[in-house]
Structure formats: C-alpha cells, structure tokens
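Taken in order, these protein sequences are the chains called A and B.
Per the numbering used here, the very first residue in the first sequence carries number 1; after that it's consecutive.
Per the numbering used here, the very first residue in the second sequence carries number 1001; after that it's consecutive.
Just so you know, these hints were derived from the structure itself, not from any lab.
Fair warning: this is a prediction, and the values are worked out from it, not measured in the lab.
Keep in mind that the hints are not guaranteed to be accurate.
Stated by the list, open to error - Okay, derived cross-link-like pairs now, SDA-like style, lysine to any residue, Cα gap no bigger than 25 Å in a straight line:
#1 K72/A x I1187/B
#2 K1042/B x N75/A
#3 K1026/B x E1008/B
#4 K73/A x G1318/B
#5 K24/A x E1008/B
#6 K72/A x E1008/B
#7 K1239/B x L46/A
#8 K73/A x W1021/B
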Amino acid sequence: MRVFQYILLGFLVVCAISVSFSRKLLNSILIFMSYSLVMSIIWICLESPDLAITEAAVGAGVTSVLFFVTLKKINAMETIEDMGKFGKQGQEAKEDGVDDEQA
Amino acid sequence: MSRLKSEEEYEKTAAFHFFRWLSGSKDYYVGNMEMQPQEEYKEEEATIQERMREQQMIRDKVYDTQNNKWLFRFRWFYRIMAAVFCAILGVLLIVTVSFLPPTGGVAKPDNNEVAARYIERGMQETGAVNIVTGMILTYRAFDTFGETNVLFIATCCVMIMLMAEDAELKKRELLNDRRYEPKNDAILQGVATILVPVIFIFGIYIILNGHLSPGGGFSGGATIGAGLILYVSAFGFKKTQRFFHEGIYKAAKVTALCMYGLIGIYYYVTGANGLENHIPLGIPGHIVSAGIIFPINICVGIEVACTMYAFYALFRRGGL
C-alpha cells in the first residue's frame, strides 16, 4: 500500500509540472483533470472518503468542464467551422479526426 | 587544460540555454504557445468626443459644489463618516483580538477539550454516525450556513454578469438550435443514457446517507450537478428544460436556503448543543435520525447541485 501511495504521489508531481509546461491549453486541462483524479485516490488512501467524493465531482468534473467552456468562449479550441475556414491546415486536422467539438 | 569554445559551439550547449532562460533574453513561449495576436483597439473620433461631452456634463451637473450647498455638505459629511467608520471598525477588531485566548497554548480548550468532546460525545449529542457531518452541521452549523450563502451570492453575481436577455437568447436560438451543444453524438448520448441515472441515484444516496456514511450535502450535490452537466452536454438545453428550467431553479434554490435558515434558527432558539434538544435525535444508524442533520443535508445538496448546473449553463449559454 505504501509503495502504491508513493507511485501516486510521484504521478501527482509529474502532472503538476507538466500542466505548466504543456504547450496546448487543451492538453493542460486534460492533465489537470488526471491530477484531480489521482488526488481523489490519494484522499481515499489517507482515509478521508468525504473529500475524495468531492474532489472527484468538483475537481475532475465540474472545474474541467468550466475550463473547456472558457476555452471555447475565447476561441482557443478549434471547432469544425474553424477548420473549414483556415483551409489546408484545417483539413489536415479534420482527417486526423480532431473532435474538440465534443468537449 | 580547457579550451574556449567558439560562439556557435557554445550556443548548442545546455549551459547557454540555461543562462539565456535565466537572464530572460528570449521568451520561449513566444511562437510556441497557442497565441492569437491582439487586435489594436481603435476608436472613432465621434465616440471620443461624445464620451468627453458626457463626462463634462456629468462633472458640471453632479459635482457642481459651488452652487449646490447640500452636495458640498454631504461630501464633507461622507468623508468624515468614512474615516470615523474605519477607525471604529479598526478599534473594534483590535479590542476583540486582545480578548481572544493566546494561540498555541497547551491548556487552551481548542487544543484538547473540544476535539476530545467531538469524538467522545459527538454521536450522543448529534445522533450522527458520521462524525464529520455531525460536526459541521450541528456544532458548526453557522459556518456551513455562511458557506451556503457564499454559493448563493456567487451564482447571483455570475447571473448578473453573464445572463443574456430573453429576446437575444431567442434570436440566437432561432439561428441555430444546437449551437451551444455538440452535434448529436451517438457515443456521448449512449453513455449518458446509461450513466446519468446512476450518477443521480448515487448523488441522492450520498445526500440521504450523509449522517451514516462518508459524504454529505456538498459531495452529493456536486455529484448531482456533474450528472446534470453531462445530461445537458449530451442532449442539449431544450430537453433539460423539460424538467429543470429557470422557474424550478429559482424556487429550489431560494427554498433550500430559506429552509436551512429556518431550521438553523429553530435549532439555536430552542437550545443548541449541550442544552436541552427539542428535535428528537432518533436511533443512531437509522436513516431518519440525527435531528437537524438530515433536512439540512438535503437543503445543502439542492443548493450545491443548482449552483454547479447554473455555473455551466450561464457560462455556456447565458441563461438557464
């Protein structure tokens, strides 16, 4: 159990560092989401399930969704209409199957 | 024996990159991050003149202290009263602090007696098996009431800032009904059909069992709110409005807060902790037990769920 906790804590540190160093904002948010998920498992290991439930619902769920909405509002996320607009670059993204629209 | 590296060779080493980063001569994010060039803000000559004229008019009319004696007096009164109020507040706070017991003392009741009493007699006095919920909703019910108020005020502020007018909303919806949601996505809708009821039931379970098992109003409410958000993002606002529209939202939110306030007032007036408790505690472990914790948990749960959903809806669409 102790080793498991150390692995989780190491993952937490890696997540926290890579959030600030990733270049795409969307990736940052996804990493932040996984950070919250790992944090909620650590709360269970620390014997506070109350906090774990709240962390999973608020940290991994609602906060990330609000971040996604904000990204979309400031047009930092590509949508399908944008891809059509910018020509070749957009078509390449379309072929890669980017589905930012879902988030 | 060391050899001085040439400039080109030195530029490839890690030391060069490190010192360049340290001195800040090159910003590594420029050109690498997703950035959009900011448009230069331009203003027409006419609008500038219009604004200046308006400002001058306001200055002439409102701050006309030469001719308006009352305004002159009021401004002095305002200044003096502001200073007096600040001084009174500061003195009051300093006096209050000087009456507080010193922090960190071993003999301080906060460091031994309070925690011990919560653990030893918490179940008898509150009737809750889950000691955390018992603590925050009875001994510290007043604090939790403040937190619930904070949530209420936060949503009110977001509403004031982001709520779009009805006419504008209708116009936008006419243009494209599903503008704010993803296209009809089979995977998302299939997953949501299965998951949303489970999430709702789990959230309700957390709220109702707040005094028996881990969880409580806040956790359960957040879970239900997350489920609502999943439903909206899968099926769209029109389908959600069949069971959760603005009227229901307002009624639920205000009723929950008022109920919490009334229950809290009743609890304190009829004699809170240590005194005679007029609300029957029931048998610890039963679902209807623990006096006020059960209804208060439900109120907090409704409040939090509404807040979470309202944040999403207002950010997304500007209306519920």
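Output the indices of the hints that this structure fails to meet, ascending.
Structure breaks hints 5, 6, 7, 8.
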